[in-house]
Structure formats: structure tokens, C-alpha cells
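**Student:** If you read the protein sequences in the order shown, they are chains A and B. Position 127 of the first sequence, counted from 1, bears residue number 127 in my numbering, the numbering being contiguous throughout. Position 366 of the second sequence, counted from 1, bears residue number 743 in my numbering, the numbering being contiguous throughout.
What the hints contain is simulated information worked out from the structure, not anything from laboratory work. Careful, some of the hints might be misleading.
Said to hold, decoys possible - Covered stretches of chain A (in silico footprint by chain B; criterion: 3 or more residues with CB under 8 Å from a CB of chain B, positions within the stretch not fixed):
#, region
1, 18-25
2, 49-57
3, 182-189
4, 246-253
Note that the structure is a prediction, hence the values are computed from the model and not measured. Quick reminder that beta carbons are idealized off the backbone N, C-alpha and C, glycines included.
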Amino acid sequence: MKKQLKNYIMIVCFLLFIFGFAVASFISEDREFSENENRYLQQAPEFSWKKLEKGEFTSDIESYMSDQIFMKDQLVSLKTVTDRTLLKNYQNGVYFGKDGYYLQDYQENRPLIEKNISCLNDFADSLDKSVDVSFLLVPNAVSVMSDKLPAVTQTDDQLESEKYISSILSDRINLCFPYDQLKDAAKSTQVFYKTDHHWTAEGAKVGFDTLMTAMNEDIPQVSYNIETVKDFHGTLYSKAPTDFSAADEMHFYTNPDNSVKVNYVEENKQTDTLFDDSFKTKKDKYSTFMGGNFALTEIETNGESDEHVLIIKDSYANTVMPYFADKYKHITMIDMRYYHIMDKTVSEYVKDNGITKVIFLYNMDFVNTDNNFIWLE
Amino acid sequence: MLFSSTTFLFAFLPIVLITYYIVPRITRNLVLFIFSLVFYAWGEPVYIVLMIASTIVAYITGLLADKQRKNAKKYTPLIAMIGAVVWNIGLLLFFKYTDFFIGAANSIFGTQIKTLGLALPIGISFYSFQTLSYVIDVYKGEVRSQKNFLDLATYVALFPQLIAGPIVRYIDVAEQLKKRNESIEHFAQGVWRFSIGLGKKVILANTIGELFDTISNSAQSELSVAASWLGIIAYTFQIYFDFSGYSDMAIGLGKMFGFDFLENFNYPYISTSITDFWRRWHMSLSSWFRDYVYIPLGGNRKGKARQCLNIMIVWFLTGFWHGANWNFMLWGVYFGVILLCEKLFLGKALKKIPAFFQHIYALLFIVIGWGIFSYEDFGKLTQNFKNMFGAGGLPLINHQTVFWLAQYAVTIVILVIASTQLPKKLCLKLQTKCPEICGCILQPLWALTLLAVSTAYLAGNSFNPFLYFRF
Chain A
1 MKKQLKNYIM
11 IVCFLLFIFG
21 FAVASFISED
31 REFSENENRY
41 LQQAPEFSWK
51 KLEKGEFTSD
61 IESYMSDQIF
71 MKDQLVSLKT
81 VTDRTLLKNY
91 QNGVYFGKDG
101 YYLQDYQENR
111 PLIEKNISCL
121 NDFADSLDKS
131 VDVSFLLVPN
141 AVSVMSDKLP
151 AVTQTDDQLE
161 SEKYISSILS
171 DRINLCFPYD
181 QLKDAAKSTQ
191 VFYKTDHHWT
201 AEGAKVGFDT
211 LMTAMNEDIP
221 QVSYNIETVK
231 DFHGTLYSKA
241 PTDFSAADEM
251 HFYTNPDNSV
261 KVNYVEENKQ
271 TDTLFDDSFK
281 TKKDKYSTFM
291 GGNFALTEIE
301 TNGESDEHVL
311 IIKDSYANTV
321 MPYFADKYKH
331 ITMIDMRYYH
341 IMDKTVSEYV
351 KDNGITKVIF
361 LYNMDFVNTD
371 NNFIWLE
Chain B
378 MLFSSTTFLF
388 AFLPIVLITY
398 YIVPRITRNL
408 VLFIFSLVFY
418 AWGEPVYIVL
428 MIASTIVAYI
438 TGLLADKQRK
448 NAKKYTPLIA
458 MIGAVVWNIG
468 LLLFFKYTDF
478 FIGAANSIFG
488 TQIKTLGLAL
498 PIGISFYSFQ
508 TLSYVIDVYK
518 GEVRSQKNFL
528 DLATYVALFP
538 QLIAGPIVRY
548 IDVAEQLKKR
558 NESIEHFAQG
568 VWRFSIGLGK
578 KVILANTIGE
588 LFDTISNSAQ
598 SELSVAASWL
608 GIIAYTFQIY
618 FDFSGYSDMA
628 IGLGKMFGFD
638 FLENFNYPYI
648 STSITDFWRR
658 WHMSLSSWFR
668 DYVYIPLGGN
678 RKGKARQCLN
688 IMIVWFLTGF
698 WHGANWNFML
708 WGVYFGVILL
718 CEKLFLGKAL
728 KKIPAFFQHI
738 YALLFIVIGW
748 GIFSYEDFGK
758 LTQNFKNMFG
768 AGGLPLINHQ
778 TVFWLAQYAV
788 TIVILVIAST
798 QLPKKLCLKL
808 QTKCPEICGC
818 ILQPLWALTL
828 LAVSTAYLAG
838 NSFNPFLYFR
848 F
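With the hints as constraints, model all of the structure from the sequences given.
**Tutor:** Spelled out as C-alpha cells, the structure:
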């Protein structure tokens, strides 16, 4: 018996492990959706001879087994931790930076940038001369917070991309690139989330102020109420989940003296806030800003200026909306990812609504990767 | 089904183990056979018919090839043996090589024959060699034919070694099919071996495989001379840890069911020559070719010239066995030529230089060999070699290469250490110094760690290719 003790221990460990996982995965309730991975998980497949013959049944079982395995999220974290122990500080396109910053890699795709910028150029050139066109191009964390990056990276320089964009951009468009301002602000405040690819409300304010200055506009002086929401684990965290980074804290700025009416046109939904509080308790907390992205959103406020501005944008704009709302009484947001084949083209919309200012608001990575600029006409 | 999948680890294996150990001993082969069929049918339900047909052919030809059988006619055994050869080689030629020959004919003669587009039946290269060795061994009188069909069918379908070897010969397990020793000690050894194999495959091979994939899919403009070497070195590690990890798992699983399979790898990357390498790499394959091709061809008994020819034939076939493609043929011939050189003159010269340089020599030619092996596309293959030897117009090293090196530096150090006997020696030392702590705590803990981290990699990673699937 004593001689066999080590063998018994080895066997018991093994059997506990495989049977433990088998039983626990079997009895633990199947999840429908993984917030962490942001996708629907495979459910127990129903058997049919037809599915078996096509090999679908067995492959469904395989995905079911790996999707619904006991402690899936913890296992995924264990993998990330192991990789980090092997000093791999780059995973799924994300760097593990200093001070708990996840930083998304940037690989310049110059042909696509050229294509996208020429869409913006064509659109701007086609507008009436009286319409003012500006472009707030936001550098990403990987560029602004480059001092947080690991020593050796493969990331491309966004300043080079900006130089290129500025060299091909139409004279009609007033380019604003708040790189220095964000970098400066980053010394005292957090301008990007540590676990998400977006900028924070503070970063957005820096961007907004820089844009206003570039447009020769006054910056409204407002004292905001600040609401804090904790425990934000953003998209970059999901790509390489580990306890490496503390959760982010989010701030929501509201102006008590401003009342807004928001009309989500396609959804036929009206609200009186720039925030969708229901997201504050979910994983996707960033969608609290404007409730996410929509094709066409019309906002009425009692801001300073009577002008009607059109913001053609990505998700970075959602955080800036509270500041825009204090500036302009009439704001329209259009997201080209969803604004396809609508009643009016964007230029028709500009004409019919007497829009005097058009603002493109995109982050660099978006201009470098998105394929929906062609819908802009 | 793959061993390195959550389905195998947490559904198939527990069910097989329970069923196997609760049924009466006499029905255990039946249990193994049925579960092996499920295991095989998992990926390809149709080709199971082929495997069973192959088993039936082996059964009948095996009986007929047995000369010690009563009333055996004079020529029947020979005919039966030839029949088995024709069947198995025919099967391989048809399913594995037809499209290759059609493609070759089309490109040489400009014909337009349509390819069959058949999917390669999983494990066919392995089980046809196994049944073939069975019938030949019976014919040669080295083992008696198997009269119990179930025992033979269990041998052919045995899931631990079914899809990727090692090529277990019937003669080595004939006794065990009837009576084997399922013991606590055996099972514990099996657990240890399986955990190590799983870790080698899932943690090491898959990780370094990502690097090879990244580099081989990179645009020429991102590469450098160093990067193309790094890529091929990554592949060198990937294929060894992938394949030997799979063999470890097979041997470990075999032990859990009371089988002892022969070893398939013996630290191939510490070889001092290519001759040495092929005594250490995929040993079950090279000994198969030695016993069933090289020696029947005359081996070294018919003069030097004939021996050289035999060596070239064997290595051409070894290469071609790995896949129906030109690069595999080239790979075989490449090693054939090196082995010839070593046999004729190089071997003696090598012995005179310091051991360090012998290792460098062997590794260099092994790595270059994998360079041939890893690219089935000839254009890519030649481009890669141009890049490696500075004819690709690439910089010696670039920023991107430094990044890759930095990311995988620790992994590569671990791979280097794990390729040597160092871990084994360390383990033995611990076992003699403090047997209780090592056996009761350290080893189980290490096995559990490997299992847990492997599971984490399987759950967190969709990258789980298996290189030897197509062979």
C-alpha cells in the first residue's frame, strides 16, 4: 500500500480533474450569452440523423463542450495569465502596457485611409460653400499613451498617418488633431480607459475644446454634475481577460441647466437624456453614452448657438455629446455604419435641414479599418 | 476526435474509462472496439466502413498467410500475403495519391483529367501500415494469426494510436490483446505520460505554432533573414512537440488500458548526426520501413551499390508517405542523400570533430529539412529558402523580427530545454533524493498543473491545429 501511495494520489488527482470538470460542466446551467466574449454560446445540439450525417452534430457537440465548460471565464483568464508569465505582452492585437493599460495595436493601412479620406473629400467638396466642414481626428491610446507601451512593439506611428491624412485632405475641411492636447492632459487626468479602446469623458472634453478652438468658437462654461460608475471592464479586457488591470471608473457629465430631447429616428424612440442608464449595470457600460450607435439621431437642446450641426461619427463621438449639447441647439448625428440606403442621402439631409456646420468625428483606428465611408454621398 | 479537445477530455475519456473498468474483463476488448469506432466516426462517419473492410481483409489474409495452419496449401500463404500488400498499398494509392498523380499527369502531359477530390480518410496511413505488418509477420512465421476477429479489430481500431500512431505492430501487442496487466502502477504512469503529452501539444506546440503561422503568412516586406530562420525554427519546435506530445498521449492512454506501446521519439533534437536523428525521430515509422522495405530489398547484404539504392528508395518512400506532394518527396530524398553521405564518408569525419559541432551540424540539416517539409507550395518554399540564405533581398533583421523574438523569447528557451534530457534527468534526481515528496506531491501537482493550463488553453484559444492529421 505504501509503495502504491504515490500512484493512488496521481490517479485520484487525474480522475477528480476529468470527472470533476465533466460533472460540473454537465450540471452547471448553460449560459446563453457570454458578456465577456460578447457572443452567443453554443447550446446543447438536438440530435438528428441528418445532422449526424453531415458531421454537424459532432462539431456542434465540440463547440458546445468548449463554450459551456465549467468556469470558462476563469479558464480564459488562466490562459492570459500563463501567456503573461511567458512574457508575451501582446495578445489578440492588444498590448499589456504599464500601469495596467491595455493598448490596442495600430497597423497602418494606407490604401484604406486614402480611400476613406477621399470619400470625406468628395462629400465636403460637394457641399455648398457656406457650409463649414471640420474634422476632429482622434489619436488612439496606443499613440497618446505610447509611454505606457512595452519596450518592443510592432505598432505603427499614428503621427505619420496624421501627416499623410493632412497632406491629402481637401482644403474644404478644417482638420483638428488633438494629439498634443491629449498628451498634455494625460499628465494629470485619465484621458483613455485602461480596459477599453475609447476615450474617457475627460479625454472627450479635451478633444471638444481643441475642436472649438480650431473652429474659432467659444467654449461654453458649464459646471457639470459628475456621476461615477465603477467596475467597467471594456472591450480590450475581453480580448485578453486577466486581473492584470484594475477595472475602470467611468464618469458621466450632466449639465443640470440644459434640457435635451433625443430622437432616434429609425428606431422611432424619443428620450430626454444623452445617457442610457440601463447599460450602467451591464458589461457594455460604454453604451451608456447615447445608448450605443444609431444610423440617425436628432437632438434638440437649449445650448448657446442656434446653428444646426451635423456630426458624422463613430463611437468616440458619443462621449462628446454632452459638450456639444451645451454648444448647439440643433444637433444631428449620423453613423455611416448604419446609414445605408436611407430616404435621403447625407448631402440631401444637409440641404433640407439648413445645416451650417458639418463635423466629422473619427478616431484614427476607425479611419484605418472601417469600410463604410463609401456610403457617404 | 482529437485528444486535445474538451470533448475528449471531459466527455469521451471519462465515459470510456468508467465503462471499461466496470464491465467484466472478457468484454473489455469489445468496449475498446466500440468506443474506438465512435472515436473514429466522430470526424468522418463514412470512412469507418473502409477501416472495417480493411480489418476484414487483414483478418482473412492473416488466417490464410499462416503457414503453420493445418492443411495450408503451398502457395496460399504467399498469395494471401501479396493480397494484403495489394489491398493496403492500393488503398493508400487510391485515397492518398490519386489526385496527386492526376495533377502530375495533367501538368506533364497537358491533359485535363479531373481530380477526385476525395477527403483523406483519417489515420489511413497508420492503420494500413499496421495491418500490413500484421499479415507480413504472420507470413514470415514470426507471429501466429489471430483467430478472434474482435481481438484483431480492437488492435486495428484501438483509439489511442488510431489517427496519429505510433505505428504499433501487431507482434508487439499480440499477447496484450489477450491478456494485459491493468494495474494501479500502469494507470498512474499513463496519467503522468498523458498529462505531459497534453501539455507539450496544447501549451508548447500550439503557442510556437502561432509564431510560425504569423511569419509564414507575413508579407515579404515585413520579413527579414532572421525572421525566415525564426519561422522555420518555430516550425521545428512545433512539429516535434505536436507529434511527440501526441505520441506521449497515445502511450499514456494505452497504459491506462493496460497496453504497453513502444516509444516513438527519443530526444531527436540532441542528435549528433542525421543517421542519429532518424534513430530518434518517429521511430515506429523508420523501423517499419527498415523491416518491411529496406531489408526485403536486400538491405546491406547485396553490396555497396545496391545498399545505396535501397537507402534512396526507402527515403523517397518515407518522404512520400508523409503526404502526396512534391515537397515531401524532396524532403525524403534530401534525407536519403545526407544519410548516404554520412554512410560513405561524412560519418567518419563527423566523429573527429567536437561534439558541439556535431550537434550544430545535425540541427542545421534538421531545420533545413523542416524548411522543405513545411511549405507545400513550391513557390513559397523556394522564396523562403531564398530569404533564409540572403537571396531574397531582405534586411538581416528588422524591427518586426525583434518584436517577434521578444514575444516568444521565454517560450523558445522553454522549448530548447524541453527538447533535451534535462527535465527527465531533473525528475530522476528528485525521485532518488526525495522519493516521497516527489512521487506523492510534486509529480501529481505538476500533472494537475499541466492539465489545468492545457484546459485553459483549449477553452481560451481556438488555435488548435494538428499537424499529423493529413498523414
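**Student:** All hints are to be evaluated individually against the structure, with a verdict given for each.
**Tutor:** Here is what the structure says about each hint:
no.: 1; hint: 18-25; in the structure: holds (count 5)
no.: 2; hint: 49-57; in the structure: holds (count 3)
no.: 3; hint: 182-189; in the structure: violated (count 0)
no.: 4; hint: 246-253; in the structure: violated (count 0)
Checked against the numbered hints given earlier, this structure breaks hints 3, 4; the rest are met.
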